[in-house]
Amino acid sequence: MTYLDFEKPIQELDQELEKLKGVAEKSKVDMSAAIHELEEKIKEKRVEIFSNLTAWQRVQVSRHPERPYTLAYIESVSGGSFIELHGDRTVGDDKAMVGGFGEIDGQTVMFIGQQKGINTKMRQIRRFGMANPEGYRKALRLMKLAEKFNKPIVTFIDTPGAYPGLEAEERGQGEAIARNLLEMSQLKVPVICIIIGEGASGGALGIGIGDKVLMLENTWYSVISPESCSSILWRSWNFKEKAAEALKLTAEDMSKNGLVDGIIKEPLGGAHQNPQEIFATVKAEILKYLAELKKISPEKRVEQRIEKFSNMGVVHELD
Amino acid sequence: MGWFRRLKEGITTSTKEKKETPEGLWYKCPSCKKIHTAQDHANNKYVCSECGYHERIGSTAYFEILFDDNQFTELHENLVSGDPLEFEDTKKYTDRLTDSIRKSGLKDALRSAYGKVHGEDLVICCMDFGFIGGSMGSVVGEKISRAIDFCLKTNTPLLIISKSGGARMMEAAFSLMQMAKTSAKLSLLAQAKIPYISLCTDPTTGGVTASYAMLGDLNISEPGALIGFAGPRVVKETIGKDLPKGFQTAEFVLEHGFLDKIVNRTELKDKMGKLLKMFKH
Numbered sequence: 398m399t400y401l402d403f404e405k406p407i408q409e410l411d412q413e414l415e416k417l418k419g420v421a422e423k424s425k426v427d428m429s430a431a432i433h434e435l436e437e438k439i440k441e442k443r444v445e446i447f448s449n450l451t452a453w454q455r456v457q458v459s460r461h462p463e464r465p466y467t468l469a470y471i472e473s474v475s476g477g478s479f480i481e482l483h484g485d486r487t488v489g490d491d492k493a494m495v496g497g498f499g500e501i502d503g504q505t506v507m508f509i510g511q512q513k514g515i516n517t518k519m520r521q522i523r524r525f526g527m528a529n530p531e532g533y534r535k536a537l538r539l540m541k542l543a544e545k546f547n548k549p550i551v552t553f554i555d556t557p558g559a560y561p562g563l564e565a566e567e568r569g570q571g572e573a574i575a576r577n578l579l580e581m582s583q584l585k586v587p588v589i590c591i592i593i594g595e596g597a598s599g600g601a602l603g604i605g606i607g608d609k610v611l612m613l614e615n616t617w618y619s620v621i622s623p624e625s626c627s628s629i630l631w632r633s634w635n636f637k638e639k640a641a642e643a644l645k646l647t648a649e650d651m652s653k654n655g656l657v658d659g660i661i662k663e664p665l666g667g668a669h670q671n672p673q674e675i676f677a678t679v680k681a682e683i684l685k686y687l688a689e690l691k692k693i694s695p696e697k698r699v700e701q702r703i704e705k706f707s708n709m710g711v712v713h714e715l716d
Numbered sequence: 060m061g062w063f064r065r066l067k068e069g070i071t072t073s074t075k076e077k078k079e080t081p082e083g084l085w086y087k088c089p090s091c092k093k094i095h096t097a098q099d100h101a102n103n104k105y106v107c108s109e110c111g112y113h114e115r116i117g118s119t120a121y122f123e124i125l126f127d128d129n130q131f132t133e134l135h136e137n138l139v140s141g142d143p144l145e146f147e148d149t150k151k152y153t154d155r156l157t158d159s160i161r162k163s164g165l166k167d168a169l170r171s172a173y174g175k176v177h178g179e180d181l182v183i184c185c186m187d188f189g190f191i192g193g194s195m196g197s198v199v200g201e202k203i204s205r206a207i208d209f210c211l212k213t214n215t216p217l218l219i220i221s222k223s224g225g226a227r228m229m230e231a232a233f234s235l236m237q238m239a240k241t242s243a244k245l246s247l248l249a250q251a252k253i254p255y256i257s258l259c260t261d262p263t264t265g266g267v268t269a270s271y272a273m274l275g276d277l278n279i280s281e282p283g284a285l286i287g288f289a290g291p292r293v294v295k296e297t298i299g300k301d302l303p304k305g306f307q308t309a310e311f312v313l314e315h316g317f318l319d320k321i322v323n324r325t326e327l328k329d330k331m332g333k334l335l336k337m338f339k340h
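As given, the protein sequences belong to chains A and B, one line each in that order. Note that the first sequence covers residues 398 to 716 in the numbering used here. Note that the second sequence covers residues 60 to 340 in the numbering used here.
These aren't lab readings, by the way, just hints derived from the structure by calculation. Watch out, some of these pointers could steer you wrong.
[Said to hold, decoys possible] Residues of chain A clear of chain B, computed beta-carbon distances all greater than 10 Å:
#	residue
1	T399
2	I446
3	S448
4	G477
5	I522
6	E614
7	G659
8	P664
9	Q670
10	S694
11	G710
[What the hints assert, rightly or not] In silico BS3-like pairs for lysine-lysine, Cα to Cα no more than 25 Å straight-line:
#	chain 1	residue 1	chain 2	residue 2
12	A	K518	B	K295
13	A	K639	B	K150
14	B	K304	B	K320
Where is the CB? At the ideal position from N, CA and C, for every residue including glycine.
The task is simple: from the sequences and hints, build the whole structure.
See the structure below:
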């Protein structure tokens, strides 16, 4: 178990609990009452800490190394029926972006998402979830495939940004993302986008134009990471906490500002504390919104989708 | 004995006070150092007649260069930015806006206008780098969105002249969503089969590149313009090596297949006129 800096009090209690359990085991003395009491105390502490998270702490939770990634969600939500499909049919297969068909309660869905690696080697192969242009083009190819056969699309967003590499620029990173934004706004099938970790900038938005855009409770979504924002606006890396506050990047703020359509509650202590619970919640949300969206005609859905994004922004008109 | 004798000893003009050329009368090309009169330079569309260096210019100059007899009607000129996040870094966003408005004489980083180019109707949205680095916030997005509505209603082609450091951080996710907004609106223009030409000028980067700047029916650029998604410094840090010469220039982007054409500014109006006629007939 990895503890974040602000989880220190929980860590101490957890260690105490382990010790107590060890003693109980060895001495064969019934300590269940004391253990139960301590467990309750840990829970209370967790509630206390997690009900008052700062924006920066949410960013930390969104990056927790044990947090479930896209493929874990897809595997669970599709009940193991997922068939991964590869390649953009032009350049290659980007491992930072995954996608394919899966079933959810008997209904075929196209699942797409950025995928972070689960160990050191995979993190490199998947470039920490930072897709190249061919990743965005693979995503678009799969979306068009879904549209052709009238299957709804669910995207999982979890990326520190589009990959800022030399080849990415050569192969038109900007064009690839731009094309996705335009094409996704015209998709005739329902599109649900769920931010499950980090939602950084154009790299996130590149698979983020949906009829419903939802954020998990401990995720962030903004134009830039708090670290980069700090380095540009404050000219130092030391203001990331301040930048995180200023950017209003939490699910709560994004929802309040009307930039996402809903928040999905996480288990106490974050999604990684109880992956099965969050998978079940996410599945229920997908089913709920799919049912809702299917009632609307494709033309109306597209119109509403475009209308929703067109209304975003705050301007004043001078007399 | 020399031919000239210095009469005054110890000339002490500090470097700061030395003026190479008086402001407003002369223009010294930063690329080839050749000196032109400001008038000649303006007559040549702010392009160095010696080396072809394209000086960065704003909406006023582009409108003058492109619209017939500099006749145009500005659209939605009264839009100004709000401060939905009450953003403050080292400076309050509202103060930054007030300062920029005062210094630049502009209301935000983009102006829209319609008029005629060689007799052809055209709506031009032109970015101004002088306003917070040409950054794209709500006003830029809204003005493009409304300009597209105007194009749809009047069946007029659209030219967007990009010149931007990317999304405006002080509007955070609101500015990110302008990428979604402008791209979604451009999809409507595409469906109505109304031509959209994107002109990328120095620099076109970040969220602007990743939305409307790369979505033209034609993507054109001025010579030498920096065009890219990630900034060169960030790419350099990623690869840990020096960048190849000419990386992310218009010529590089054309070579990799993302630009239709590089057009010299002195020929821009003629080329636009011809293209608009070709789309029409």
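Do the hints match the structure? See the list:
1. For T399 of chain A, the condition that its CB be more than 10 Å from all CB atoms of chain B holds, with the nearest at approximately 26 Å.
2. For I446 of chain A, the requirement that its beta carbon stay farther than 10 Å from each beta carbon of chain B is met, with the minimum near 26 Å.
3. For S448 of chain A, the non-interface assignment is confirmed: its Cβ lies about 23 Å from the closest Cβ of chain B, beyond the 10 Å cut-off.
4. Even its closest Cβ contact with chain B, about 34 Å, leaves G477 of chain A beyond 10 Å, as expected for a residue assigned away from the interface.
5. Its beta-carbon lying about 16 Å from the closest one in chain B, I522 of chain A satisfies the requirement of being farther than 10 Å from that chain.
6. Once the 10 Å rule is applied to beta carbons, E614 of chain A is consistent with being away from chain B; the minimum gap is 17 Å.
7. The claim that G659 of chain A is not at the interface with chain B holds, since no C-beta of that chain comes within 10 Å of its own (minimum 15 Å).
8. The beta carbon of P664 of chain A sits about 26 Å from the closest Cβ of chain B, which is more than 10 Å, so the claim that it is off the interface holds.
9. With a least CB separation of 27 Å from chain B, Q670 of chain A remains clear of the 10 Å interface cut-off, as annotated.
10. No beta-carbon of chain B comes within 10 Å of the beta-carbon of S694 of chain A; the shortest separation is about 17 Å.
11. The Cβ of G710 of chain A does not lie farther than 10 Å from every Cβ of chain B; its closest approach is about 3 Å, which violates its non-interface assignment.
12. Only pairs whose Cα atoms come within 25 Å are accepted, and K518 of chain A paired with K295 of chain B is accepted, the gap being roughly 23 Å.
13. Pair hint K639 of chain A plus K150 of chain B holds up; C-alpha atoms about 13 Å apart against a cutoff of 25 Å.
14. This hinted pair checks out: K304 of chain B and K320 of chain B have alpha carbons roughly 20 Å apart, not beyond 25 Å.
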